[in-house]
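A.B. asks: Here is how the chains run, residue by residue.
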Amino acid sequence: MKHCEYQQIDPQALSTPTPTLPPQHAVVEEEKGETARRKWEVFPGKNRFYCDGRIIVAQQSGVLPLTLGLILVTTVLFFVFDCPFLLKHLTVFIPAIGGVLFVFVVISLLQTSFTDPGILPRATPDEAADIEKQIDNSGSSTYRPPPRTKEVMINQQVVKLKYCFTCKMFRPPRTSHCSLCDNCVERFDHHCPWVGNCVGKRNYRFFYTFIVSLSFLTVFIFGCVATHLALRAQGGRGLMFALQESPASAVELVICFFSVWSILGLSGFHTYLVASNLTTNEDIKGSWSGKSGAEDTGNPYSYNNIITNCCSVLCGPMPPSLIDRRGFMPVEESSQTVATEIELAAKNEINVCQLVLCLSVFVCMAHHHPPLGGQLSGLCSVLCWLMSKCTQGTKDLLESASRSPCPQTGKPQTVSTSCPDSIDPADPAVTFNPAVTPDPVAVPSLKCGGRHHSHTTSPPDEPRQQHHHHNRHHKTRSTQSSSKRAALHISNPAYNVSLSPPTSPGLGPSHATGAEDHRRDSFAALH
Amino acid sequence: MATEFHNLQELRHSASLANKVFLQRDYSEGTTCRFQTKFPSELESRIERTLFEDTVKTLNNYYAEAEKMGGQSYLEGCLACATAYLIFLCMETRYEKVLKKIGRYIQEQNEKIYAPRGLLITDPIERGMRVIEISIYEDRGSSGSCSGSSSTSGSSAR
Chain A
1 MKHCEYQQID
11 PQALSTPTPT
21 LPPQHAVVEE
31 EKGETARRKW
41 EVFPGKNRFY
51 CDGRIIVAQQ
61 SGVLPLTLGL
71 ILVTTVLFFV
81 FDCPFLLKHL
91 TVFIPAIGGV
101 LFVFVVISLL
111 QTSFTDPGIL
121 PRATPDEAAD
131 IEKQIDNSGS
141 STYRPPPRTK
151 EVMINQQVVK
161 LKYCFTCKMF
171 RPPRTSHCSL
181 CDNCVERFDH
191 HCPWVGNCVG
201 KRNYRFFYTF
211 IVSLSFLTVF
221 IFGCVATHLA
231 LRAQGGRGLM
241 FALQESPASA
251 VELVICFFSV
261 WSILGLSGFH
271 TYLVASNLTT
281 NEDIKGSWSG
291 KSGAEDTGNP
301 YSYNNIITNC
311 CSVLCGPMPP
321 SLIDRRGFMP
331 VEESSQTVAT
341 EIELAAKNEI
351 NVCQLVLCLS
361 VFVCMAHHHP
371 PLGGQLSGLC
381 SVLCWLMSKC
391 TQGTKDLLES
401 ASRSPCPQTG
411 KPQTVSTSCP
421 DSIDPADPAV
431 TFNPAVTPDP
441 VAVPSLKCGG
451 RHHSHTTSPP
461 DEPRQQHHHH
471 NRHHKTRSTQ
481 SSSKRAALHI
491 SNPAYNVSLS
501 PPTSPGLGPS
511 HATGAEDHRR
521 DSFAALH
Chain B
1 MATEFHNLQE
11 LRHSASLANK
21 VFLQRDYSEG
31 TTCRFQTKFP
41 SELESRIERT
51 LFEDTVKTLN
61 NYYAEAEKMG
71 GQSYLEGCLA
81 CATAYLIFLC
91 METRYEKVLK
101 KIGRYIQEQN
111 EKIYAPRGLL
121 ITDPIERGMR
131 VIEISIYEDR
141 GSSGSCSGSS
151 STSGSSAR
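One line per chain: the protein sequences are A and B, in this order.
Count the first sequence with full-length UniProt numbering and you get residues 1 to 527, in order.
Count the second sequence with full-length UniProt numbering and you get residues 1 to 158, in order.
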């Protein structure tokens, strides 16, 4: 019966092809506690999560502790050393206003840092396949596929949408991929190290509140401290006397003096951006400033009215978080679980595979040198075998990049090898295998993406320990260089040369263009 | 009931997923959430064009309502700003309320219109508001299966 079939469908399960029932879901959760994970645990970006997914921060906290520390220290010194004097000599409103401003600053700072900036979840494999079908694969013979763009008309203006190779989708307008967080962020403004997070659609208003209230606070403290010192120095006693009586005020003065210019400048700049409905990213790139002589390239998103622009940016409806951090992973059937596990394990191997991919390119390029022929053919075979373990997601990358005659399957569900025939275990080229084996235990030491998802193929009892292991492991760039060293067991000078340039995009600013995406993708394992 | 459930699980297997159609976003009016109403060719044999377009247009209207910038949203925004945005911790925003309405609407549409035709609409929020995913099922099952054929109304041997 129609009725009985769809009585079984949960509202949550509607999205999955195999629906789960609430009672069964609970039972399964009890039986296999490990598989009922929250989505934040398998989040592919470089973010970190706390409080069971409620709080999201970027991988590196940047100078957030410094920001908080400076604000706290200055305000505490103000309340302890200056307020009593000003309270006695002036008015009670001074500490009150200071208190309110301080609360605003801290709350908006924490909200900016801990809110999802508008991260777009990556495309599902089906979606990615559908998009691939629609793209013309004319450039498949070259190593690097041509940058994919799509043009849309927005308010009678042509806007180019770029394809994100990491997230496998065409980025919506005003969306940009942050290389530091490895996410596409909607209405991407910039990645702010002071707050340790990206600033995007969902937390721009918090960021703006933060810098505006911080500039008020800084100016307020500066003014109050100056008044305090001036009052103390009255009666001909001099400034030095006043400073000696209240040394903390000197500290506050210095901090406030140096920060007030940059913070006021930043507030002014962002007020201009808000009034013209621009993002920092667009302003820096000059997307709408009529560069290159293009006629009529105004901002298509602006309402051409300052008040409407301000209201839409700051007081508009608050969009929801799209990544559903605290939702449970759908409890799949056994086949799908296996597929997911393989996909997750394969994700671990993606970096390995990309590394292998680079190797294979240069090996095949060096194939032209006859003396290396014998070893290289064996190497190619091994590389094919390794590549066959990679998921569908990297299939196009591999196909376009590899010139080797080795066939590839690239099917996500099968872990079988594609060309085992030509593998010779005794081949000397196989010796480099241990460095790049897809063994899941060895993989974490090679991975340098700072991915913080648990691995289903890891030792079954401690997925969280692995989590923390990665936390420690990927804190600094030194771990990344050590993993690079591990990969460099093969002393191929051509390979070494290729490694050095791509490290810079990883360290560069977050305003990465689409042209860098593919390079970043290919060398994701290396930075 | 348990046996019925087991049979239905088999049915879910038997009604295998044949294809998925993705309706992309329509950016002609800016970054507001709108989906293209172009009728996909894969659905031509499964559902009437008018029903499909009605569904998509209603969804677009819901999203427009959620993102509408009017008096209420400005009031909400200013109130939130005045309370240092702490109010978002206790109050459900208008957007979230509309999203719940959308969820209920999609479920209702699935139950009444799409499931009998062997189709299933996925809520766009599950796909990051990028696409409306429509799963097309082919019914492989033989006896006792809940048929999802489009041309005839679904009948069951139960």
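Honestly, the hints are just simulated from the structure, not real lab data.
Among the hints, a few may not be true.
Derived DMTMM-like pairs (lysine to aspartate or glutamate); straight-line CA-CA distance at most 20 Å [claimed, not checked]:
id : chain 1 : residue 1 : chain 2 : residue 2
1  : B       : Lys20     : A       : Glu132
2  : A       : Lys160    : B       : Asp26
3  : A       : Lys150    : B       : Glu29
4  : A       : Lys150    : B       : Asp26
5  : A       : Lys160    : B       : Glu67
Pulled from the structure, derived: some chain A residues nowhere near chain B, Cβ distances all over 10 Å [said to hold, decoys possible]:
id : residue
6  : Ala36
7  : Leu66
8  : Pro173
9  : Ala230
Beta carbons are placed, not taken as given, at the ideal position from N, Cα and C, and that holds for glycine.
A.B. asks: Find the hints from earlier in the document that the structure breaks and name them by number, from lowest to highest.
C.D. replies: Hint check: 5, 8 fail, others pass.
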